[in-house]
Amino acid sequence: MPLTYAELERFYEGLVSKARQCGVACAITSGMACVAFGVAAATRDCDLLCAPDAAGDFFSLLFDTPLRGRLPSYRGNLTAPLDSRWLRGGWTSHFVWSVPEGEAFLDVFGIAPRGSSPWQSESRGPYAGLHTVAEMKRTDRDKDWPYTTALGLKLLEQGDSRGWLHLFNYEALSETSKKLACPSEMVSLRPVLSLLPEGGDRLEIALKAEIEFWHRLDQLRLKVYERAVRPYMLAVRGDPLAAATAPLPEQHQARLRHAELLLPANPLRQYGIERLIAEAKAKTAQMLPASALDWLPDVSACFKFFAE
Amino acid sequence: MSEAGNKPNMPDWLTPEVVEHLRLVSYNYQVRAFGEELARVNTLPLDQRRRYIADMVDHATSKGVRFEKPALGVTP
Numbered sequence: 001m002p003l004t005y006a007e008l009e010r011f012y013e014g015l016v017s018k019a020r021q022c023g024v025a026c027a028i029t030s031g032m033a034c035v036a037f038g039v040a041a042a043t044r045d046c047d048l049l050c051a052p053d054a055a056g057d058f059f060s061l062l063f064d065t066p067l068r069g070r071l072p073s074y075r076g077n078l079t080a081p082l083d084s085r086w087l088r089g090g091w092t093s094h095f096v097w098s099v100p101e102g103e104a105f106l107d108v109f110g111i112a113p114r115g116s117s118p119w120q121s122e123s124r125g126p127y128a129g130l131h132t133v134a135e136m137k138r139t140d141r142d143k144d145w146p147y148t149t150a151l152g153l154k155l156l157e158q159g160d161s162r163g164w165l166h167l168f169n170y171e172a173l174s175e176t177s178k179k180l181a182c183p184s185e186m187v188s189l190r191p192v193l194s195l196l197p198e199g200g201d202r203l204e205i206a207l208k209a210e211i212e213f214w215h216r217l218d219q220l221r222l223k224v225y226e227r228a229v230r231p232y233m234l235a236v237r238g239d240p241l242a243a244a245t246a247p248l249p250e251q252h253q254a255r256l257r258h259a260e261l262l263l264p265a266n267p268l269r270q271y272g273i274e275r276l277i278a279e280a281k282a283k284t285a286q287m288l289p290a291s292a293l294d295w296l297p298d299v300s301a302c303f304k305f306f307a308e
Numbered sequence: 001m002s003e004a005g006n007k008p009n010m011p012d013w014l015t016p017e018v019v020e021h022l023r024l025v026s027y028n029y030q031v032r033a034f035g036e037e038l039a040r041v042n043t044l045p046l047d048q049r050r051r052y053i054a055d056m057v058d059h060a061t062s063k064g065v066r067f068e069k070p071a072l073g074v075t076p
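Protein chains in written order, with my numbering: chain D, 1 to 308; chain Z, 1 to 76.
Treat the hints with care, as some may be off.
[To be verified] Just some of the chain D residues that point at chain Z, by a computed CB distance under 8 Å:
no., residue
1, A36
2, G38
3, V39
4, A40
5, T43
6, R44
7, G76
8, L78
9, R141
Keep in mind that the hints were calculated from the coordinates and are not lab data. C-beta: ideal position from N, C-alpha, C; glycine also.
All chains should be modelled from the sequences, with the hints used to inform the complete structure.
This is how it looks when you write it as structure tokens:
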């Protein structure tokens, strides 16, 4: 019998429930959360936020969580060990349960990319909060952006003014403002909203600049990790103990050994967050009129958890 | 889990007229962004929505569609 979406959903929700019973703060985010929030996305893998301090307990739990009798293994040579040091630095640990009828994928990370507030404080059932999920959708992938605006509208429908921070579509933003005034605290967090009363081309170009800026920021962030992971990846690739055929505890120990020697825990902080932001602005300036950059937000708050 | 999760105290600005307006903006936006069918699905109750997505994903999987992202060690 094939591995169905419904079975996977039950499995992942059960995993979260079990983890929380063990005191592990965690929450499902991304596509599966979007379905629950009324912004349906086609996905089968599970993105999971896990409190970095609880990484060890969560790893023990994974080792004790079979799917159709099979235990998980690490996925790929780029995967950091599930350990608080690397989770705290923005790395993701990828796992897969391989059963004859299919595969179940789990990506675990400790810090919500671009998250400006602690995700732990806003969980909804097994899921991360709408605001966190919407912030995480500001990626370098075009396909994610419609979800950002759609989640922003859902937030407003639920009485949460932070929805204004996620409306990146010109028409949706303009239509919303016809019956709803944007609060000044949201304008101070997102200066482009001050253009709402005049609207028109200026607002539309400023929105494009914002999206381009977030794209560039994410591309640059990913490149920092891509460069940092290379020596570790080569070591893992050459180590049979780190291979998916080895038992999970052996894979883990092998990855830990290599990571301690070769994988910087927090490459983004090493690179410099201010530097990253300045470079993203410079790249955006190459694509759009300089005047559009006047309305870019201060995004340092979206990286504060990396800076700690 | 309820649709709205833990409902906070609703702010004064969220009048029935505003809610109706936001729902319309949301629906119209979803039609443009995701198409009429998914916009309709997103108005369904959670259990029906999940069932729809499950059928869609299972059908796609049976036809060989892969949904997983590459394991890059970092999440976009």
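To see whether the hints hold, each was checked on the structure:
1. Because the smallest distance between the Cβ of A36 of chain D and any Cβ of chain Z comes to about 7 Å, under 8 Å, the interface hint for this residue holds.
2. Below 8 Å, beta-carbon pairs count as interface contacts, and G38 of chain D has one with chain Z at about 5 Å; its hint therefore holds.
3. Proximity of V39 of chain D to chain Z holds as hinted, the smallest CB-CB distance being about 6 Å (cut-off 8 Å).
4. Against a cut-off of 8 Å between C-beta atoms, the interface hint on A40 of chain D holds, since the closest Cβ of chain Z lies about 5 Å away.
5. The beta carbon of T43 of chain D is positioned within 8 Å of a beta carbon in chain Z (closest approach about 6 Å), and the interface hint is therefore held.
6. A distance limit of 8 Å between C-beta atoms decides the matter here; for R44 of chain D the minimum to chain Z is near 4 Å, and the interface restraint holds.
7. Annotation: interface hint on G76 of chain D holds; nearest CB of chain Z at approximately 3 Å, less than 8 Å.
8. Look at L78 of chain D: its Cβ gets to within about 4 Å of chain Z, closer than 8 Å, so that hint holds up.
9. For R141 of chain D, the shortest C-beta to C-beta distance to chain Z is roughly 6 Å, which falls under 8 Å, so the interface hint holds.
Every hint from the earlier list agrees with this structure, and none is contradicted.
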